[in-house]
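Chemist: If you want this note's numbering, it's the position in the sequence shown, counting the first as 1, plus 46.
The set of hints was computed from the structure by calculation and includes no laboratory data. Please note: incorrect hints may appear among the correct ones.
Derived CB-CB ranges, DEER-like [stated by the list, open to error]:
#1 G106 / Q180: 33 to 43 Å
#2 L375 / E107: 14 to 24 Å
#3 I421 / G309: 38 to 48 Å
None of these values were measured; they are calculated from a predicted model. Ideal Cβ positions, reconstructed from N, Cα and C, are used throughout, including at glycine.
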Amino acid sequence: MPAQPSSASSAASPVPPFDPGDPLGLDDLLSDEDRAVRDTVRQWTADRVLPHIAEWYEAGELPGIRELARELGSIGALGMSLTGYGCAGASAVQYGLACLELEAADSGIRSLVSVQGSLAMYAIWRFGSEEQKQQWLPRMAAGEVIGCFGLTEPDHGSDPAGMRTYAKRAAGGTSRSSGAESGGDWVLTGRKMWITNGSVAGVAVVWARTDEGIRGFVVPTDAPGFAAPEIKHKWSLRASVTSELVLDEVRLPADAVLPEVTGLRGPLGCLSHARYGIAWGSMGAARASFEAALDYAKTREQFGKPIGGFQLTQAKLADMAVELHKGILLAHHLGLRMDAGRLRPEQISFGKLNNVREAIEICRTARTILGANGISLEYPVMRHATNLESVLTYEGTVEMHQLVLGKALTGLDAFR
Numbered sequence: 047m048p049a050q051p052s053s054a055s056s057a058a059s060p061v062p063p064f065d066p067g068d069p070l071g072l073d074d075l076l077s078d079e080d081r082a083v084r085d086t087v088r089q090w091t092a093d094r095v096l097p098h099i100a101e102w103y104e105a106g107e108l109p110g111i112r113e114l115a116r117e118l119g120s121i122g123a124l125g126m127s128l129t130g131y132g133c134a135g136a137s138a139v140q141y142g143l144a145c146l147e148l149e150a151a152d153s154g155i156r157s158l159v160s161v162q163g164s165l166a167m168y169a170i171w172r173f174g175s176e177e178q179k180q181q182w183l184p185r186m187a188a189g190e191v192i193g194c195f196g197l198t199e200p201d202h203g204s205d206p207a208g209m210r211t212y213a214k215r216a217a218g219g220t221s222r223s224s225g226a227e228s229g230g231d232w233v234l235t236g237r238k239m240w241i242t243n244g245s246v247a248g249v250a251v252v253w254a255r256t257d258e259g260i261r262g263f264v265v266p267t268d269a270p271g272f273a274a275p276e277i278k279h280k281w282s283l284r285a286s287v288t289s290e291l292v293l294d295e296v297r298l299p300a301d302a303v304l305p306e307v308t309g310l311r312g313p314l315g316c317l318s319h320a321r322y323g324i325a326w327g328s329m330g331a332a333r334a335s336f337e338a339a340l341d342y343a344k345t346r347e348q349f350g351k352p353i354g355g356f357q358l359t360q361a362k363l364a365d366m367a368v369e370l371h372k373g374i375l376l377a378h379h380l381g382l383r384m385d386a387g388r389l390r391p392e393q394i395s396f397g398k399l400n401n402v403r404e405a406i407e408i409c410r411t412a413r414t415i416l417g418a419n420g421i422s423l424e425y426p427v428m429r430h431a432t433n434l435e436s437v438l439t440y441e442g443t444v445e446m447h448q449l450v451l452g453k454a455l456t457g458l459d460a461f462r
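Kindly produce the complete structure, drawing on both the sequences and the hints.
Modeler: Printed below as a string of structure tokens:
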């Protein structure tokens, strides 16, 4: 028979009480530093976002975005998992915890941080020249410069290889290249669509076809020929700046190109980094909606007692809690693999596909518990649900991640 624990050891390690806010005891997986990062971001959102987010969402704007960016920089949330150049050098798990707390406030706030750090800054940090890194990353980490990432086009989203934006070499020019790239200036022409931060960005990382293959370009947004009109009339991500990028023969020096990558490996590598954050962030939206439903169920009375006392409501709450905390556990597992250098793109697809899909279902179920109140901005549920409809689509649709996993499972490519 297996040995039984002694009564002394059992007494020394009592089983903690059940915590409805952490039913699996996932906090035990976190270090003190992890909790400090999480709590810092949670407190910032409580002070700076939650008192105003319903108003911002209803108005369809994010006022004071530059001030918010500087504040996020001051707490180390911008490019936080990158090292050097003023970045915090946090772990992947800590970055994920920050994404969860930001999206528990609103997906638009997490998108601001994700695009800044995981797309624009990551592209420069991973593929840029030392000069590009020194020029942009410290100011972006501090929130002094906002960045955007131009990949999606009006006619090409899930198939970025078909992009039409094109960069050609100009005859002559005034190149200031210092070795990594030589030749004439670049002339960049095309359009990008659904670009978060576009209208307020000081720098854009734009991907374009060239005669050498797909290349990335670091584009100052004050360059002649660059415009970023804001996209209006959105019913999702309303507290977020979303724009079109118009590039009308934007002339760039030879060294504006990211020197360390050619081909789709560049933008797809950036997207993997951002998708990882979404696996965490979507669970923040789910958590906020679940907590709103749980609190409501304990106080809303029908037929003489709180609706949380009815079997059907308890079944909904139990199912929501199971999927929420399974999703957080999955995100934490992916974070540990990323920190160990062992996280594969297929595993990121696993997390993004599962967690966003389950988060939407949690929000919809929470809305049913709140009844008609569920559609009111006095509660976060409908706001999170509509935001997640965008999160479900951007940085890889459900279908794309299903096909990524399908190819990995079968060895057969069903994309074409």
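Chemist: Look at each hint and say if it fits the structure.
Modeler: Verification of the hints:
1. G106 / Q180: 33 to 43 Å: Distance hint for G106, Q180 holds at roughly 37 Å.
2. L375 / E107: 14 to 24 Å: Given a distance of about 36 Å, which is not inside 14 to 24 Å, the answer is violated.
3. I421 / G309: 38 to 48 Å: 46 Å, holds
Checked against the numbered hints given earlier, this structure breaks only hint 2.
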